[in-house]
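Engineer: Sequence:
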Amino acid sequence: MLDVRFLRENIDFVEERLAARGEVLDLDPFRKLDGERRSLLRETEDMKARRNAESLEIGRLRKEGVDAADRMEVVRGLGERIKANDERLKSIETELREFLLTVPNLPHDSVPVGKDENANSLVRTWGEKPDPAFDPLPHWELGESLGVLDLPRAARMAGARFSVLSGAGALLERALISFMLDLHTREHGYREVLTPFMVNADSMLATGQLPKFEEDLFRVEGGQFYLIPTAEVPVTNLHREEIMKEKDFPLLYAAYSPCFRREAGSHGKDTRGLIRLHQFNKVELVKFTLPENSYEELESLTRDAEEVLKRLGLHYRVMSLCTGDLGFSAAKTYDLEVWLPGQESYREISSCSNFEDFQARRAGIRYRPEGEKGTRFVHTLNGSGLAVGRCLVAILENYQQKDGTVLVPEVLRPYMGGMERIAREMGPASKS
RNA sequence: GGAGGAGUGGCCGAGCGGUUGAAGGCGGCGGUCUUGAAAACCGCAGUCCGUUAACAGCGGACCGGGGGUUCGAAUCCCUCCUCCUCCGCCA
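Using this note's numbering, you'd call the opening residue of the first sequence number 1 and step up by one each time.
Source of the hints: derived by calculation from the structure; they are not laboratory data. A quick note: this is a predicted structure, and the numbers were derived from the prediction, not measured. Heads up, a few of these hints could be off.
Calculated lysine-lysine pairs in the BS3-like style (CA-CA distance at most 25 Å, straight line) [to be verified]:
1) K245 / K129
2) K373 / K245
3) K32 / K83
4) K310 / K245
5) K212 / K32
6) K32 / K115
Restraint-style ranges between C-beta atoms, simulated for each label pair [stated by the list, open to error]:
7) E187 / H267: 39 to 47 Å
8) L40 / R71: 21 to 29 Å
9) D46 / E73: 48 to 56 Å
10) L40 / S121: 43 to 51 Å
11) G371 / R421: 56 to 64 Å
12) E242 / A119: 49 to 57 Å
13) E246 / F213: 32 to 40 Å
Idealized CB from N, CA, C, for every residue including glycine.
Whole structure, please, built from the sequences with the hints as guidance.
Structural biologist: Structural data, given as structure tokens:
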């Protein structure tokens, strides 16, 4: 959510910045509602001040035994007008809030202007495309032939966009999760948290999934819960409605969670393999920082995510998303894109964003600046560190050998009982 | 699921329907004292909204959330939520 006072005083500037997102957003409802609210509020508060004074006076008179019936009558009438005004105010405030909740964040100055992903700018690349002397298989063919991936059975038990990993596949997924968490907690200073995988609507509202993107979420039938689309939601909500101390910052968290997404509107996209699923695993990094440090923290957050790819020896590039490709809540985002030889393309494997105070304002996450009166909103950031399933895809495709086996990256071997190579293994009993 | 109990400021804990934003204690901050520290003593301290150049004043709201009664509600009524205890069930 944008700061109402800032919006009021800089409404033309805001309109212009939002236009860079490619979204035509008319801020007139704000102009109208905000003005109405303020004049009505002023009037109503004046009446309340009078009522308070009168009531006090009535109490005093009655204590002295003086009859105050006529005064009480007057105040009763005042009370009725106050009540009517309060109701009107409430509906205006609700409308205003609902409108503000649908206004996206402002892009940071350093974000390239453009209308879609073609305008994203390349920040840097690491490593090189492998140059195998054979035609690399896409991971779904490789995984099935190795017996570590079973998509048909996943489809039967759940549906399209689900997966079953088995044997070395399941082990590799688990190894990746442990490796990532260990790296971030032991070397990068994050604190591991394991949170609920379902949250309430307030939490979804705080991070920006609601109210606008309900169709992307799974809602649990018969309950007030939503399945989380990313651990960003529960972890950011760890400090919802809290006022923290300046010396507490920065706060760094790493969390493993499964992620659940409807993928509404992406029919026909990435229909094969593990790239786009209704359920996938992810290790998420979340930071709470002081406003003045958030952009340097975004750089280090991105580096922390990159380190996973470096240690796995996977070639990738870093893109800065342009204004038109930026997510609703983000002020600036770097995407990490890993090279997938089976598909001859770079695919997003991490998205690292600074939300500035956009989420903090929705969530009420504040701190007390030292030597200053009052409170300020913190800045929140998060990034995948990394998407585990896509990471598994990248390993299968990048580490496949001519003989159809897959080498296990060095750093993962300790997590896999020393396994150096994934060879064809006995899968589950074959279908008749 | 059944039966009881409780929700007040960072924490603990008072609060006959009328200067109670809220006693007291702890913690925090500033000061006195001290070579320094502790102790003791003095003082300051909530959040949000509106007005405003102002994080100065002034006004309004907030005692789990929402609604009601009343001239006036932290205090009375209704409702929802959360937590605790006992029984049942359960990984």
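Engineer: Take the hints in turn and mark each one as holding or not.
Structural biologist: Against the structure, the hints:
no.	hint	verdict
1	K245 / K129	46 Å, violated
2	K373 / K245	13 Å, holds
3	K32 / K83	22 Å, holds
4	K310 / K245	35 Å, violated
5	K212 / K32	22 Å, holds
6	K32 / K115	30 Å, violated
7	E187 / H267: 39 to 47 Å	41 Å, holds
8	L40 / R71: 21 to 29 Å	26 Å, holds
9	D46 / E73: 48 to 56 Å	20 Å, violated
10	L40 / S121: 43 to 51 Å	47 Å, holds
11	G371 / R421: 56 to 64 Å	60 Å, holds
12	E242 / A119: 49 to 57 Å	38 Å, violated
13	E246 / F213: 32 to 40 Å	33 Å, holds
Checked against the numbered hints above, the structure breaks hints 1, 4, 6, 9 and 12 and satisfies the rest.
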